[in-house]
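Using the sequences and the accompanying hints, generate a full structural model.
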Amino acid sequence: MIDLRSLRSDFPILDREVNGTRLVYLDSAATTQKPQSVLDAMDDYYRLHNSNVHRGAHTLAAEATEMYEAARGRVAGFIGAQPNDLVFVRGATTGINFIAYGWGLNHLKAGDKIIVTIMEHHANIVPWQLVSRITGAELVYLELNEDYTVDTSSLEGILDDKVKIISFSGMSNVTGALGPIKVLSDAARSVGAISVVDAAQLVPHTAVDVTDIDIDFLAFSAHKMLGPTGIGALWGKTERLEEMEPTEGGGEMINTVDRHESTWAPVPHKFEAGTPPIAEAIGFGAAIEYLEAVGMDVIEAHERELTAYALERLSEVPDLTIYGPKDVTLRGGAISFELGDIHPHDIATILDQDGIAVRAGHHCAKPLMQYLEIPATARASFYLYNVFEDVDALVVSLHKARELFGLT
Amino acid sequence: MSGLDELYREVILDHYRNPRRRGTLSGDYIHAEGNNPSCGDEFFLDIEVSGDTITDAAMQGYGCSISQASGSMMMDKIVGMPMSDLRELIHNFKLMMSIEEGDSPVDEDRPGSVLGDLEALQGVRKFPVRIKCADLPWATLTDALDQVSG
Ligand SMILES: Cc1ncc(COP(=O)(O)O)c(C=O)c1O
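These protein sequences, in sequence, are chains L and A.
Letter by letter, the first sequence follows residues 54 to 461 of our numbering.
Letter by letter, the second sequence follows residues 5 to 154 of our numbering.
Read the hints as simulated data drawn from the structure, not as lab findings.
Don't take every hint at face value.
[Said to hold, decoys possible] Cβ-Cβ distance ranges computed for the label pairs, FRET-style: (1) L:D372 with A:L99: 50 to 56 Å; (2) L:T374 with A:S54: 31 to 37 Å; (3) A:T28 with L:D350: 54 to 60 Å; (4) L:A115 with A:D147: 55 to 61 Å; (5) A:T28 with L:S368: 45 to 51 Å; (6) L:S368 with A:G106: 49 to 55 Å; (7) A:V152 with L:S206: 52 to 58 Å; (8) L:K379 with A:D80: 41 to 47 Å; (9) L:E301 with A:D147: 36 to 42 Å; (10) A:S102 with L:W317: 52 to 58 Å; (11) L:E301 with A:D80: 53 to 59 Å; (12) A:D60 with L:F441: 51 to 57 Å; (13) L:D350 with A:D80: 56 to 62 Å.
[Said to hold, decoys possible] Residues from chain L shown here face chain A by an in silico Cβ test under 8 Å; the list is partial: (14) F64; (15) H398; (16) D399; (17) T402; (18) G408; (19) H415; (20) L457; (21) G459; (22) T461.
[As the list claims (entries may be wrong)] Just so you have them, the derived chain L footprint on chain A, three or more residues with Cβ under 8 Å: (23) 10-22; (24) 40-50; (25) 99-106.
Values in this document were obtained by computation on a predicted structure and should not be read as measured data.
For every residue, glycine included, the Cβ atom is placed at its ideal position computed from N, Cα and C.
As structure tokens, then:
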């Protein structure tokens, strides 16, 4: 058994109490807690190096620029990428919007198809709806197998040269199911389409190397991997980024500007208009440093043990239904469930009284909820700082909820 | 009573599990829909108005025990009530929920000033994030009344 317990003291917030008891934080799929080193890195930047990047000739400007670009290098290195192929964006959502507008708009025409899966987060649905509306392209959904994994068998009937983009989640934030990266990236390549991976839930929990998987774009958010909010990464193959138009114009992203025409700075800067979130980028770099020090293989193994334990303990709770794969090799640590006729919001309120933070609702995945014919679920999700007692506390509290609602 | 026992009173669970006047109206009626996009709770309301009085009502909806019980209790209360009393009832409910401020002189002769069973929802006040759940049916009712008064 892997014991990461000693890491908990690196996370100041885990010391606090909620409603008079120890905080049991089971909402890392929404956002993760931050270690002291990330807070320190951002604080250090503001205290000692604060300056705008890429502009000044003075010492602070040079330091800030160096720190900002070093963070880019760290984030890129984390996914096996070249720094110049990594664009700092606001988060996974902005990353996917940039692809949709910057690449989609000038490559899609009426009648083309964009394939997504029914388990997508709204961040990987709505941007494609928006560009479909403009271009006349059609959004096509892959559905699920019995075990909640993506059913790729229907691809046969859909795949043709009208398909231009296949965009899918690397790991569902609702069911925890892993996305079929190889099958879908192969499918995309076979018809000359591009593949886009929404890695918001994947990169934080599992080692990803973009040189091992043949995909075109990947987007993720720092705040779901110990980093701050307001920053994330969009990675693309060099040639894809070259083909992509900037979605935002302004300072920093230009080469020359005349009255009516401008030329762009080279990738990745042409996608980073305006003053970027510098402290956040530096915090992102520090988060990566922390994850690398622990080791992604260790984190993944720890979460798998926790998930297996949670699935087992939850299956002992009467009236509890889990929506997601039972096989831990097919999934990550986001566990969605229902408990009898107790509405997920009531579950969340009851758990909160015991200091347990879970999410309740549609998890920004309404098409999936409609497909599963459920209006909402409660969701517990794990990260490296969770311990087995967190699962035990969850189970105790769920029994309490059953009692309050008179379930027998 | 602990906060949770106060929140999930028996009468609330009863209304949650056995909602009153569930369904739709036919004929001439006013329809209003409310939802809380952040949590997905929904409340659909049909009311039949004759003269100055609500003569029939039906609701449909989906959501947590608080939003649905609040709606069910509201249904129990509003049929047969004159419009003027309804506005007062809504105000009194919102006062109890700390959504609105002001006085609420209780006058047993005015049905809108007596909350009755609805007082079971008082416990919600201790859970500020849930106040909007309790309010959903009432916001929907307000919308329906606004349609009546045009
Ligand atoms: C699978 C998935 N994709 C995209 C997002 C959007 O991430 P962000 O809100 O950080 O842009 C999330 C966050 O909840 C997610 O879970």
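So, going through the hints one by one against the coordinates:
1. L:D372 with A:L99: 50 to 56 Å: violated, 37 Å
2. L:T374 with A:S54: 31 to 37 Å: Given range 31 to 37 Å: violated, Cβ gap about 45 Å.
3. A:T28 with L:D350: 54 to 60 Å: Cβ of T28 (chain A) to Cβ of D350 (chain L): about 57 Å, so the range 54 to 60 Å holds.
4. L:A115 with A:D147: 55 to 61 Å: With a Cβ separation near 59 Å, A115 (chain L) and D147 (chain A) satisfy 55 to 61 Å, so the hint holds.
5. A:T28 with L:S368: 45 to 51 Å: With Cβ atoms ~39 Å apart, the hint is violated.
6. L:S368 with A:G106: 49 to 55 Å: This hint holds: roughly 51 Å between Cβ atoms.
7. A:V152 with L:S206: 52 to 58 Å: holds, 54 Å
8. L:K379 with A:D80: 41 to 47 Å: holds, 44 Å
9. L:E301 with A:D147: 36 to 42 Å: At 39 Å between Cβs, range holds.
10. A:S102 with L:W317: 52 to 58 Å: With a Cβ separation near 54 Å, S102 (chain A) and W317 (chain L) satisfy 52 to 58 Å, so the hint holds.
11. L:E301 with A:D80: 53 to 59 Å: Roughly 54 Å apart at Cβ, these two residues keep to the hinted range, so it holds.
12. A:D60 with L:F441: 51 to 57 Å: For D60 (chain A) and F441 (chain L) the Cβ distance comes to about 56 Å; the hint holds.
13. L:D350 with A:D80: 56 to 62 Å: holds, 59 Å
14. F64: violated, 24 Å
15. H398: holds, 4 Å
16. D399: This hint holds: D399 (chain L) lies near chain A, its Cβ roughly 5 Å from the closest one there, short of 8 Å.
17. T402: holds, 6 Å
18. G408: Hint on G408 (chain L): violated, closest Cβ of chain A at ~13 Å, above 8 Å.
19. H415: holds, 5 Å
20. L457: Nearest chain A Cβ about 5 Å off; hint holds.
21. G459: holds, 7 Å
22. T461: violated, 13 Å
23. 10-22: holds (count 4)
24. 40-50: Three-residue rule met by the segment 40-50 of chain A, so holds; n is 4.
25. 99-106: violated (count 0)
Taken one by one, the earlier hints fail for this structure at numbers 1, 2, 5, 14, 18, 22, 25, listed in ascending order.
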